[in-house]
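Listed in order, the protein sequences are those of chains A and B. Heads up: the first sequence begins at 162 in this note's numbering, then just goes up one per residue. Heads up: the second sequence begins at 368 in this note's numbering, then just goes up one per residue.
Just so you know, these hints were derived from the structure itself, not from any lab. There's no promise every hint is true.
[As the list claims (entries may be wrong)] No farther apart than 20 Å at their CA atoms in a straight line, the calculated lysine to any residue pairs in the SDA-like style are these:
#, chain 1, residue 1, chain 2, residue 2
1, B, Lys404, A, Glu285
2, A, Lys617, B, Arg623
3, A, Lys437, A, Pro197
4, B, Lys404, A, Thr869
5, B, Lys404, A, Ser450
6, B, Lys531, B, Asp507
7, B, Lys404, A, Val208
8, B, Lys404, A, Glu295
9, B, Lys404, A, Glu451
[Claimed, not checked] Partial selection, computed: residues in chain A whose CB lies under 10 Å from chain B:
#, residue
10, Glu295
11, Asp448
12, Asp862
13, Met877
14, Arg879
15, Pro939
16, Glu940
17, Arg944
18, Asn947
Glycine residues also receive a C-beta, built at the ideal position from the N, C-alpha and C atoms.
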Amino acid sequence: MPEGSIKDGIGASVRRKEDKRFLTGSGRYTADITRPGQLHVHFIRSVHAHANIKAIRKDAAEAAEGVVAIFTGEDVAADGIGGPICGWVVTNRDGSPTNEPPHPILANGAVRYVGDHVVAVIAETLEQAMDAAELVEIEYEVLAPVVDLANAGSGPQIHENVPGNMYFDFELGDEAAATAALESAATVVELEVRNNRLIPNAMEPRAALAEYDPIDDSYTLFTTSQNPHLTRLVIGAFMLSIPESKLRVVAPDVGGGFGSKIYVYPEEAVCTWASKKLQRPVKWTADRSESFLADAHGRDHINKVRMALDKDNRITGLRVDTVANIGSYLSAFSVVTPTILHAPLLSGCYQIPAIYTNVKGMATTTAPVDAYRGAGRPEATYLLERVMDTAARQVGMDPAAFRRMNFIPKDAFPYQTPVALQYDIGDYEPPLDKALEMIDYKGFEARRAEAASRGKYRGIGLSSYIEACGIAPSAVAGALGARVGLYESATVRVDPTGTVNVFTGTHSHGQGHDTTFAQIVADKLGVDIGSVEIIHGDSDRIPFGMGSYGSRSLAVGGAAIAKAVDKVIEKSKIIAAHLMEAADADVVFADGKFTVAGTDNEKGFGEIALAAYVPHNYPHDRLEPGLEETAFYDPLNFTYPSGTHIAEVEIDPSTGVVELVDWACCDDFGNLINPMIVEGQVHGGIAQGVGQALLENAHYDETGQLITASYMDYCMPRADDLPNFKVDYTVTACTHNDLGVKGCGEAGAIASPPALINAVIDALAPLGVTDMSMPATPEKVWRAINDAQTEAAE
Amino acid sequence: MHHTTYVRAGSTDDAVARMADGGQLLAGGMTLIPTMKQRLASPETLVDLAGCGLAGIEDEGDSIRIGAMTRHADVAGSDLVQTAVPALAALAGGIGDRQVRNRGTIGGSVANNDPSACYPAAVLGLGGTVHTNKRDIAADDFFTGMFETALDEDEMITAVSFPKTGKAAYVKFPNPASRYAMVGVFVASGADGTRLAVTGAGSDGVFRHADMEAALDASFSADSLDGIAVDADEMISDIHASGDYRAHLVREIAKRAVAAC
Ligand SMILES: Cc1cc2nc3c(=O)[nH]c(=O)nc-3n(C[C@H](O)[C@H](O)[C@H](O)COP(=O)(O)OP(=O)(O)OC[C@H]3O[C@@H](n4cnc5c(N)ncnc54)[C@H](O)[C@@H]3O)c2cc1C
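Extracted from the complex, chain A is given alone in its bound form (with noise of 0.2 Å):
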């Protein structure tokens, strides 16, 4: 699609317009909506990581003042209440099935992790609610707890029908194939990572208020959810049986979700069943304790890699065995995120002839582990750029060159990998020599050399990642287990006087959608980008949709705007044709207005909007009045992001610091519409992926504690651990949505953990280091030095 001709169209750095609420404090949240009557419920959320509960005794606690009702598990059960389902499921390699146990929304008989849901205490304020929790006592029977992730299997059994702990046993691609290219390899590459276990800390933490009406028997759920419409199916069909039309989420502005607001929580569901029972709104805010223990965490696999390169140092097989750790329970997307969308990635932009991956899902007694910003990819991503880096270094080639030999060739697209997917275009060496120059990777020896002589370390690290983006073409996701579809859906609708209302399934909570979504529908109505307003987060308001995860709201989300408003400009077409008493062919539609060639006959775009809603001259033969398009648009294919990240740093090798002094990176996101909101988006993933490289970790002690549980341990990137980025792009456009855009959310957090472990280990590679975990903390790093100089002197 060309660049719009038409000021803040497609292409144009336009500042937010969502900006203005959000930086002056004016968003509206679920924690600030209040209902009259309101009551607050507070969770008494189990101590230990594993245990049976004997007796809960709440007697006193309901005597309290101010106390309404305490809710257990058996209450619940008494009920018929469901639990959160998962989403995507998958079949195991033996042919059976994804192994499911029950997650009821309060504990019934056990606990799982430390901050499982047991008690839900409901008072007239929060205070008393937290005041009578206090008077409640739970008597348990405590478990071993399993924490162990390597040893999970032989822990004690945490669920009934979860034999050996082991959710689902996975795999994808051709052992035989992958087994014979490693036997007859000139070198075999081995290497073993943990890609650390991440908590969300989404700026707003989650929240729900839920308001039953008697006179019609229906409901309304306020919280903080990226997709209304899955919470709405989840929750009315699969636990509380209500009918989906009684039953209206609004997830109004949501401060961040990461993938932690995807999923449908027992909290919730607690809210909307409690304000039937109690015939009064109920609202619950987690505070940030209750973030860091019950969000759904991310990342946490262990991955051994062998690699198989001929004797000119080209790939020809690729064998990951991967065991992720899923938690307590199933979370929605807990299963696809390590199989589905991490199995097919590990081809890279690389050709790889022959690959194998099986991936085991282990269930431990820690929080439910699920899809975080890249969900699979960015593990796919780390453990091949990591392998790749090691690749280079046991053969003696420069990371960039062996990177480069391996790539893809641009003549070779369409492009069928040995795992499942098949990349539609891309251009991989253009980004990284972008990248390469961004950095001056020519100058790198004489900066090692200058920072050697002021006693520092200097490493340079790179990574060339691929990802899938624009989750997903529905069929292809259906054959694979998923129990929904992944289209998206819009209404574009015309007011008479020309202003455009666009309803959008995806969800906006940081992306910027309301200004993306209406410089798409500006540029291609050529009306002004104020005259377009973005309605999303409403099931009553908005189409069926399936919300904001994947990078999918302006590929997928987008994609259906454009064709709902392509059905707005056929329609109008014909108005005018009519208007102007002309063939509709000969109507020609450009920059807002409509004209016929070889005349000067013109109607503006409001001109025909009125004519549609005051429709006395008009061709009721063959249209009806108004102005008003609904999409639905299921996307051919996943879409493929791809790019270059490199990191340079600096370490201390008396202190371990290591310092980011330098990023540069390439992206290939096809088609950009508003460059300063993908820099955003870029910055925000590198942020995300420093923190995971660099400080991040959850940490549970042996007994399944969370150590990490607050901001006092658990560490978060901030701004001056960051460098300024130098971001650049290519374009090679998408060749299946309209618009030609890839997406671009999660690439920042894809790519930038490896570049950087992958500088630290280049920065000590002199010292003899091959290797260094995430996060690469001081103390790691000076262990490292430490351990290399030891091995040295002896």
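Chain A is fixed; fit chain B with the ligand onto it per the hints.
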């Protein structure tokens, strides 16, 4: 937070009287309020010291006296402190973030004696004096262990004074998560020789390191600390840093502090 009653004391005597009735003193609230919100502390009465006239910095000739309710931002920005004990102003300017420095007070910090706090290193490193409603306590007698001080039940800090010292420095190796000190070293070279105090690292809280002080008295240079043993068994060991690593950092950060003097 549990229910609590807020009162604003009008004077030190008033505050002490209310403390005797079971009230808990409230200074900047940067530690106490979050602890109450987490229900880890639940005082029935909070006695706010903001109205007791305890904020302010005075020049007392050889020393400066900083009122207990003086905020970190005011110590950091004070011309007097910047000239008399520049290292102390710099330390205060490096505590927490802007919001914390605009609320947190020296009295609250010293009374709390958090093992990772910065001020205790300055009080001990400079050989300061803690003034209370009852007496003056020398720094060496004040800090008695993690979160423990020599303060009696009915005793409150009214001010802290520090000898004017130009040759001093504080270097903090921050805990990456909390940015409190994982190891902080305050070194000062005054009339009575060198004092070197370490915070963030010791399992009994802030401490002086006699061997380092002796080495620096012999020769005040970073190199003279090479090879001096720091006992890893006496260090805090947690997920952020083992005792070994902290022991190493103590010497390393001490060298940097000496070099910065
Ligand atoms: C985000 C954050 C970051 C921080 N970072 C740092 C850091 O890097 N370095 C650092 O050193 N500190 C740090 N702090 C601590 C902060 O600087 C305060 O010094 C500390 O919280 C205590 O001071 P306060 O005035 O807030 O005391 P309060 O919280 O009001 O009181 C603390 C305790 O002292 C008692 N108390 C208060 N005043 C007196 C008195 N005059 N006499 C006797 N007892 C008294 C109170 O009863 C209470 O028990 C940080 C705090 C926060 C919230």
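Within a Cα-Cα threshold of 20 Å, do lysine 437(A) and proline 197(A) meet the stated pairing?
Judged against 20 Å, a Cα distance of about 15 Å means the pair holds.
Satisfaction of the methionine 877(A) interface hint, Cβ to chain B closer than 10 Å:
Given a least distance of 8 Å, the restraint on methionine 877(A) holds.
Given the hinted pair lysine 404(B) and serine 450(A), is their Cα-Cα distance within 20 Å?
11 Å, holds
For the pair supplied as a hint, lysine 404(B) and valine 208(A), confirm whether the alpha-carbon distance does not exceed 20 Å.
19 Å, holds
Should the hint that arginine 944(A) touches chain B count as held when the rule is a Cβ pair under 10 Å?
Interface hint status for arginine 944(A): holds (8 Å vs cutoff 10 Å).
Satisfaction of the glutamate 940(A) interface hint, Cβ to chain B closer than 10 Å
4 Å, holds
Minimum beta-carbon distance criterion (10 Å), aspartate 448(A) to chain B:
8 Å, holds
With a cut-off of 10 Å on the beta carbons, see whether arginine 879(A) makes it to chain B.
9 Å, holds
Between lysine 617(A) and arginine 623(B), is the straight-line Cα distance small enough, at 20 Å or below?
Holds, at roughly 16 Å.
For the pair supplied as a hint, lysine 404(B) and threonine 869(A), is the alpha-carbon distance within the 20 Å limit?
Given pair lysine 404(B), threonine 869(A) holds - Cα atoms ~18 Å apart, limit 20 Å.
Given asparagine 947(A) was flagged as interface, is its beta-carbon under 10 Å from a beta-carbon of chain B?
Since the shortest Cβ distance to chain B is 9 Å, the answer is holds.
Distance restraint between lysine 404(B) and glutamate 285(A), which requires alpha-carbon spacing of 20 Å or less
Holds, at roughly 19 Å.
Comparing the model with each earlier hint shows no violations; every hint is respected.
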